[in-house]
Amino acid sequence: MATKASRSAARMMMAPAVVLLLGWMLVPLIMTLWFSFTKYLPLRGDSIERGLDWVGFSNYSRFISSSSFWPSIQTTLIMVGGVLLITVVLGILLAMLLDQPMWGQGVVRILVIAPFFVMPTVSALVWKNMLMDPVNGIFSHLWRFFGAEPVAWLQDASLSSIVLIVSWQWLPFATLILLTAIQSLDSEQLEAAEMDGAPALKRFWFIVLPHLARAITIVILIQTIFLLSIFAEIFVTTGGAFGTRTLTYLIFQRVIDSQNIGLGSAGGVYAIILANIVAIFLMRIVGKNLDT
Amino acid sequence: MARAVTTQRKIITTAAAWTIGLLIFFPIYWTILTSFKTEAQAINDPPLFFAFDWTLENYAVVQERSDYMKFLWNSVIIAGGSTILGILVAIPAAWSMAFVPSKRTKDILLWMLSTKMLPAVGVLYPISLIFVEFNLLDTRGGLMVVLMLINLPIIVWMLYTYFKEIPGEILEAARMDGATLKEELLYVLTPMAIPGIASTVLLNFILAWNEAFWTLNLTAANAAPLTAFIASYSSPEGLFFAKLSAASTMAIAPILILGWFSQKQLVRGLTFGAVK
Numbered sequence: 048m049a050t051k052a053s054r055s056a057a058r059m060m061m062a063p064a065v066v067l068l069l070g071w072m073l074v075p076l077i078m079t080l081w082f083s084f085t086k087y088l089p090l091r092g093d094s095i096e097r098g099l100d101w102v103g104f105s106n107y108s109r110f111i112s113s114s115s116f117w118p119s120i121q122t123t124l125i126m127v128g129g130v131l132l133i134t135v136v137l138g139i140l141l142a143m144l145l146d147q148p149m150w151g152q153g154v155v156r157i158l159v160i161a162p163f164f165v166m167p168t169v170s171a172l173v174w175k176n177m178l179m180d181p182v183n184g185i186f187s188h189l190w191r192f193f194g195a196e197p198v199a200w201l202q203d204a205s206l207s208s209i210v211l212i213v214s215w216q217w218l219p220f221a222t223l224i225l226l227t228a229i230q231s232l233d234s235e236q237l238e239a240a241e242m243d244g245a246p247a248l249k250r251f252w253f254i255v256l257p258h259l260a261r262a263i264t265i266v267i268l269i270q271t272i273f274l275l276s277i278f279a280e281i282f283v284t285t286g287g288a289f290g291t292r293t294l295t296y297l298i299f300q301r302v303i304d305s306q307n308i309g310l311g312s313a314g315g316v317y318a319i320i321l322a323n324i325v326a327i328f329l330m331r332i333v334g335k336n337l338d339t
Numbered sequence: 198m199a200r201a202v203t204t205q206r207k208i209i210t211t212a213a214a215w216t217i218g219l220l221i222f223f224p225i226y227w228t229i230l231t232s233f234k235t236e237a238q239a240i241n242d243p244p245l246f247f248a249f250d251w252t253l254e255n256y257a258v259v260q261e262r263s264d265y266m267k268f269l270w271n272s273v274i275i276a277g278g279s280t281i282l283g284i285l286v287a288i289p290a291a292w293s294m295a296f297v298p299s300k301r302t303k304d305i306l307l308w309m310l311s312t313k314m315l316p317a318v319g320v321l322y323p324i325s326l327i328f329v330e331f332n333l334l335d336t337r338g339g340l341m342v343v344l345m346l347i348n349l350p351i352i353v354w355m356l357y358t359y360f361k362e363i364p365g366e367i368l369e370a371a372r373m374d375g376a377t378l379k380e381e382l383l384y385v386l387t388p389m390a391i392p393g394i395a396s397t398v399l400l401n402f403i404l405a406w407n408e409a410f411w412t413l414n415l416t417a418a419n420a421a422p423l424t425a426f427i428a429s430y431s432s433p434e435g436l437f438f439a440k441l442s443a444a445s446t447m448a449i450a451p452i453l454i455l456g457w458f459s460q461k462q463l464v465r466g467l468t469f470g471a472v473k
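Chain order of the listed sequences is A and B. Counting from 48, one number per residue, gives the positions in the first sequence under the working numbering. Counting from 198, one number per residue, gives the positions in the second sequence under the working numbering.
Everything labelled a hint here was simulated from the structure, so no lab data went into it. Be a bit skeptical, because a hint or two may be false.
[To be verified] The following label-pair restraints were derived from C-beta to C-beta distances:
1. A:Arg91 <-> B:Leu455: 32 to 40 Å
2. A:Arg91 <-> B:Ala237: 45 to 53 Å
3. B:Phe223 <-> A:Leu132: 18 to 26 Å
4. A:Leu248 <-> B:Ala418: 28 to 36 Å
[What the hints assert, rightly or not] Covered by chain A, according to a simulated footprint, are these stretches of chain B (three or more residues, beta-carbon under 8 Å):
5. 207-214
6. 254-265
7. 279-289
8. 348-361
9. 389-403
10. 461-467
Glycine residues also receive a C-beta, built at the ideal position from the N, C-alpha and C atoms.
Okay, chain B solo, but in the shape it has when bound (with noise of 0.2 Å):
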C-alpha cells in the first residue's frame, strides 16, 4: 500500500531540497560564473550575478600565460595510463577470484584493501628516493605506475563484486553446447563484464584525475597534471579571481560530467562492496 502524498508535502520538500542543493553547489557555480567576468566585475561590491559583459579573455589569458594545455594533456596520461595499467593487471587477478575462489581469496581481497590505508606521508621519502634513484622523478611513467598501485585494490575489489553477479550457470550451459575456452570468453563472459569494467575504468579515471599527494609531491615542471598546476595558483598576484576561476572550471568540467555518469557506480566502488 503505497501511501498518498498530499501535494502541499511535495512542494515543502520540493523547495527545501533545492534550496539545500543549490546552496551545495554554489561555490562550483560561482566559479563558473565568475570565469567569464572581467577581473574587475570578478570582485565587484554587491557580487554580480547577472549583469556583466560576458568574456572568454580569461581563458585564453591561462592558455597563454601557463601552457595550460600542457598540464591538461599531463592530466589525461597520467589518469588514463594508470587506469589502463590497473585495469589490465586487475582483470585477470578479480575474474580468477571470482570464478575460481579458493580458501584465501577472502584473506587476499582483504590484505590488498589494507595497502590501501598505508598513509602516503609515511612513505613519501622512500618513494622520492626510489624515484631519484630510476629516474622517475617528475616524469609521467612514474606517477602512472604509482597512481595504478594506489588505485589497484579498488579497483581489483570493483571488478570481482562485478564479475561474481555473473552467473557461473551461464557458463557451464555454454560449455555442455560445446563452447571452447575462446568463445566462453569473447561471447559470454566478456559481453557480461563490459558494463562493470566500463564503471570501473570511469570512476578510477576521476579518482587518479583528482589525486593530490603523490601529483603535488613527485612533479615539477614537465609532468605536472592540473592538480600542481592550479596549487600554482595559492600564491596570488594582483587580480586573479577571473582567471583562477577560469582554470579552476577547465580542470574540473571534464571530471564533473564523467562523475554524473557514474554516480551509480560510486557506492559500491568506494565501500568495496559493503553497501549496494
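The shape of chain A in the complex, shown without the other chains (with noise of 0.2 Å):
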C-alpha cells in the first residue's frame, strides 16, 4: 500500500519527535561523559569558557572508592528490592480479591487506585506528618493508645518507613496491571481443575501464577526504571540522612550540594549503567510483544 511518496512522507513526520529526542539523549549524556573525565569545581572558579582539566578515570576510581559509595549502593537495592517485594506479592493477592464478585467492586478500585495519582511531595509529607510524626501523627495516637511508645519513625525506621510510604504509592500500579492480566485468565481451566479436586493452593501455583508470570515481569521491570530514580520522597522526607542515601540522592548532593560536577558526573554515569542493565531486560519483553 505504502508509495514511495508516502515514505518519504513518513519519514517526515517521524522527524520531529526523533530529531527532539535524540538531542534531549545525546547532548546531556555527552556532557555528563565529558565531565566526568575532567576537574570541574564551579565553585573554585572551574568553568567550561576556561577550559576543564583531563583527569582520566581518577572521577571513577573516587566516586567507588568514597566511603558513602557502598552503603549508598546497599541502600538503593534495599528500596528497590523492598517495594518490588511488598507491591508485587500484595498487588497479586489484591489483584485476585479485586478479581471475586463482590459489592461495589467499581468503588473499591477507586480507592485502591488513588495513591497512583497523588504527587509525590504530598504523599511523602503527608505520610511523614501526619501519620508517622512521633507526636501528633495518627501511628503515634495509636501506638499511644496501646500503652506503647511512639515511633520516630523517619528516624528510627528511616529507611522501612520510606520503603513504606513508597510501597504505598506504587502498589496501585502492580494491582491494576496485575487485575488485568488475571481477568484475561480463562475461568474454564480453573473450574476443570477445582472439578479434578485440586487444592485453592495448588490451582494458584500451577494456574494462576504460570498465567500471571509475565505481567508480573513487567511490573518488576517497570517499577525498578521508576525506583532506581526515586528523589522527591527522599528529598522532603529524611534529606538523605539516617541511611536513606540511595545512589541517585549521592549523585544528588554531589553535583548540587557539594558542587563536585566531575565526581557526580561520573556517579551519573554509573547510573545510567545501572539503568540500561534493567532497561535491556524490559526492551526485549516490549519488543517481543510488538511482533504478534
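With the hints as a guide, bring the two chains together.
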C-alpha cells in the first residue's frame, strides 16, 4: 500500500519527534561523559569557558572508593527490592481479591488506585507529618492508645518508612496491571482444575501464577526503572540522612550540594549503566510483544 | 458454565475488599478531613473523625500566605503546555509509524522508549547548564519543554497502540468511495482517533502534573508548580497540619478526579501496550 512518496512523507512526519528525542538524549549524555573525565568544581572557579582539566578515570575510581558509595548501593537495593517485594506480593493478592464477585467493586477499585495519582511530594509530606510524626501523627496516637511508646519513624526506622511510603504509591500500579492480567485468565481452566479436586493453593501455583508471569515481569521491570530514580520522597522526608541515601540521592548531593560536577558526573554514568542493564530486559519483552 | 457464588462468600469478599480499600485510601481521606479542622483539632488526641467544627479557614490562609493560585496556575500551564506540545509532535510520528510502517519502525519505537530510562540525575548538571545558558532557569517555558521531552516516548507509544487498532480496510473503503486525502483524514480517521488521543492527553497531563524531579530542581520563585510549593512545607513552623492538609488537598484533588477517568488507559499507557 505504501508508495515511495508516502514513505518519505512518513519520514518527514516522524522527524520532529526523532530529532527532539535524539537531542534530548545525546547532548546531556555527552556533556555528562565529558565532565566525568574532568576536574570540574564551579565554586573553585572551574568553568567550561576557561577549559576543564582532563583527569582520566580518577573521578570514577574516587566515586567508587568513597565511603558513601557502597552504603548507597546497599540502600538502593534495599529500597528497590523492598518496594518490589511488597507491591508484587500484595498486588497479586489484592488483584485476586478484586477479581472476585462483590458489591461495590467499582468503588473499591477507585479507592485502591487513588494513591497513584497523589503527587510524590504530597504523599511524602502527608506520611511524614500526618501519619508518622512521633508526637502528633496518627501512628503515635495509635501506639499510645495501646500503651506503647510512639516510634520516631523517619529517624529510627527511616529506610523501612520510606519503603512503606513508596510501596503505598506503587501498590495501585502493580494491582491494576495484575488485575488486568488476571481478568484475561480462562475461568474454565480453573473450574476444571477445581472439579478434579486440585486444592486452592495448587490451583494458584500451577495455573494463576504461570498465567501472571509475564505481567509480573513487566511490573518488576517498569517499577525498577522508576524506583531507581526515587527522589522527591527522600528529598522531603529525610534529605538523605539516617541511612536513606540512595545512589540517585548521592549523585544529587555531589552535584548540587558539594558542586563537584566531575565526581557527580562519574556517579551519573554509573547510574546510567545500572538503569540500562534493567532497561535491556524490559525492551526485550516489549519488543517481543510488538511482533504479535 | 458460570459458577454459582454463594452469598456468604460474596459477603466475605466484599468485607475484605472494602476494608483493604479503605485502609489504602485512609491517608488521602485523613488529609482531606484534616484540611477542614482547626490547627488545634488537627492534632487532637484521640484523633477527631466526626465531631469537630468544619472550617474553610485553612484554605483561605494557604492562599493568602503563599499565593497558592500562582503555583496552581504554573502547574496548569506547565502540565497543559507540555502535553499539548507533546501531542503535536507525537501525532504525526505515531500516525506514520502505525499506517506506513517500515522495517525500522520497531527499532525506532524501542529506541524512543529507551530514552525514557535515562536516569534524570545523571544529566541534571548538563541540563541546568543549558538552562542557565538560554535563560530558561525558573521559567515555565523551559520546564514545559523538559516535561514534554520526558513524556514524549509515552505519548508516541500510547498513540501508536491506539492508531494500530484503526483497521486499514476502512481507509481503503473510503478511498474506493472517492474520498480525497483531506476527507479521509477529517471524516474517517479523526473521529476514530479522538478517543485514543483524549486518553493520551489525560494520562500525560497527570504524569506532568505529578513530576517531581525536574520541577523541584529547575524552578525557584517564579515558575514553581504545586510539587515545589508542597515541598516548601517540609520545614514546619509551629502548628501546620491543617494548612498542610488544605494545600495538599488542593494540589491532588483535580488529578484524583482526572485519574479516576483515566484508570482504564493507565495500564496500556504505562506498560507500553505490553499488558492490555
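Hint check:
1. A:Arg91 <-> B:Leu455: 32 to 40 Å: Violated - the Cβ-Cβ distance for Arg91 (chain A) and Leu455 (chain B), about 47 Å, lies outside 32 to 40 Å.
2. A:Arg91 <-> B:Ala237: 45 to 53 Å: holds (51 Å)
3. B:Phe223 <-> A:Leu132: 18 to 26 Å: holds (22 Å)
4. A:Leu248 <-> B:Ala418: 28 to 36 Å: For Leu248 (chain A) and Ala418 (chain B) the Cβ distance comes to about 58 Å; the hint is violated.
5. 207-214: holds (count 5)
6. 254-265: violated (count 0)
7. 279-289: holds (count 3)
8. 348-361: holds (count 3)
9. 389-403: Per the Cβ count (1), the hint is violated.
10. 461-467: It holds: at least three residues are needed, and the stretch 461-467 of chain B offers 3 whose Cβ sits within less than 8 Å of chain A.
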